[in-house]
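Trainee: Protein chains in written order, with the numbering used here: chain U, 1 to 103; chain Z, 1 to 442.
Calculated directly from the structure, the hints in this document are not laboratory data.
Simulated pairs of lysine-lysine, DSS-like, Cα-Cα distance not exceeding 25 Å:
1) U:62 to Z:135
2) U:101 to Z:72
3) U:45 to Z:50
4) Z:344 to U:77
5) U:101 to Z:34
6) U:45 to Z:358
7) Z:50 to U:48
8) U:82 to Z:368
9) U:48 to Z:135
10) Z:236 to U:90
11) Z:387 to U:48
12) U:82 to Z:344
13) Z:169 to U:82
14) Z:50 to Z:72
15) Z:271 to U:77
16) U:90 to Z:271
17) Z:176 to Z:379
18) Z:401 to Z:176
19) Z:105 to Z:236
Bear in mind the structure is a predicted one, so any value in this text is a computation, not a measurement.
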Amino acid sequence: MAEYEYIEQKTEVSRRAFLGILGAAGAILWSGIYITTDIFQDRNKYIKMRAKGLYKDDTISKIRQSHNNHAVAAMYKEFAQKPLSPLAEKLFHTHYIDRTKLS
Amino acid sequence: MEKCLRTMEPNRRFKLTDKGERILKGLQEKEIAKVIVIEEDKCKGCDSCKSFCPTGAISGKYGAAHRIETEKCIACGQCLVNCPFGAPGDVVDPVDHVIDKLRNKQLTVVTTIAPSVRVAIGEEFGLEPGSLETKRMYGALKKAGFVIGDTNYAADLTIMEEGSELIEKISHYMLKEESHIHLGALPQFTSCCPAWVRYIELNYPQLIPNLSSAKSPMMMHGSLMKTYGASHLWEKRPEDIFVVAVMPCTAKKFEASRPEFSNAAAYWASKGTAGNYPDVDVVLTTRDLARLFKKLGINLAKTPEFEDADNPMSAYTGAGTIFGNTGGVMEAALRTAFFVICGKELDVLEFTPVRGLKGVKSAEVTLKQAKTGRELTLKVAVVHGVKENIKPVLDEIIAGKSPYHFIEVMNCPGGCVNGGGQPINPMGTSWTEKFRALLPWN
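Construct the complete structure from the given sequences, taking the supplied hints into account.
Mentor: Okay, here's the thing in structure tokens:
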């Protein structure tokens, strides 16, 4: 019986091909990371954009403190008297419910 | 509501009311049982909703369709705005009902528009996120037939009530002055966020005394419009005023259905005209309002601007409008508290320590009482994103070690601007949509 001899076939990766493979792998990794971070960044970006819009609304307002709101002051004068008055307690305040006891 | 109950699982325990209606555990009569439901066909079981749910109300194994347990759900809608597949949906849809009411000429249909709506509604009409659309939104509302009311007005009113309550508590507990009204405990929590209120009611009932007794701006505005509005402004019967709240929030739909919120009816009953109506009749989310505009053929982006001058129900200040941001309620409250205690206005109104997206923001403000010259240091904290950030703060209070006097809490990360009723991910409808948009063959 002839002796079987295993001869490994040479796979040769030239320096140029190796760099090519490395480059391709890098590109795939990088684009994956870029896309995911991009999506996540976007998801927080809109919160900041909307918040900025509201702060802008504050800055462009002529009156910027609640106690200087003329309409609210007029309402108190004509109707609810003052904060925490009996009528204000009735209309603007509430109570809460222990929901663990609701079956 | 009946439809919601019918879709309930059969193994739930029910209690029956006198009329034979079924009530779920942890819910009062007439309250909307389900606001958010996950569509089984769309759910891929990816668990992202679970990572956003503040109460752990979502059950279901990874890979299998998920389900929301109504008893634990606070209806904040964070699962809805963050689902990559758009599976959770808002099942309370009153758009057609509102259109019907708008056609009824006997009714005065009044809106109460939340601050965060004006910086997000544009997104549904192709405008950039954060573009301030107050005037065009007013124009579109006018065109649709609404009488304009702005929740920002009620936010200012909230500051007056909630701020006065806080000052009363501080002078009673810290300065040992007498008080004529029943006061809760310090630290005082804000109570504007309905999801947060329900969170406390469900999970920390021992902290209920810490919640400010002031109603949310929406509910205050509702009862005010049906009392003061009815008698002093429009001279209408309160039954003929139909209040439509437009909110960035799905939990508001639940809040408006709470049976205790019929203060206007109780007020008129005490004046001799009995009636049975809620303070706020219908709640629309920002998405719902956009749908309503589209159904009526109104394009917000092309609507001429409209300024509603001389309308007391929509007059607001800068302090009222920042309510939609995390830290906004605190900043607005401090502006007024400073004035009330120190007797003069703040030089710089922007209070930066409570701005930004840090999970828990805290600050100290030294106030000098104008009357007596005494100094007191007010310690405040701002929490948003209840899921991640609230527990240490609450544990501190329960242990009696909390240094704070006033704590603002908003359930959603970033505050109401990122609420569950806002347009879904403006940079694309959902993550997968966004991903698909990047693909070359699209």
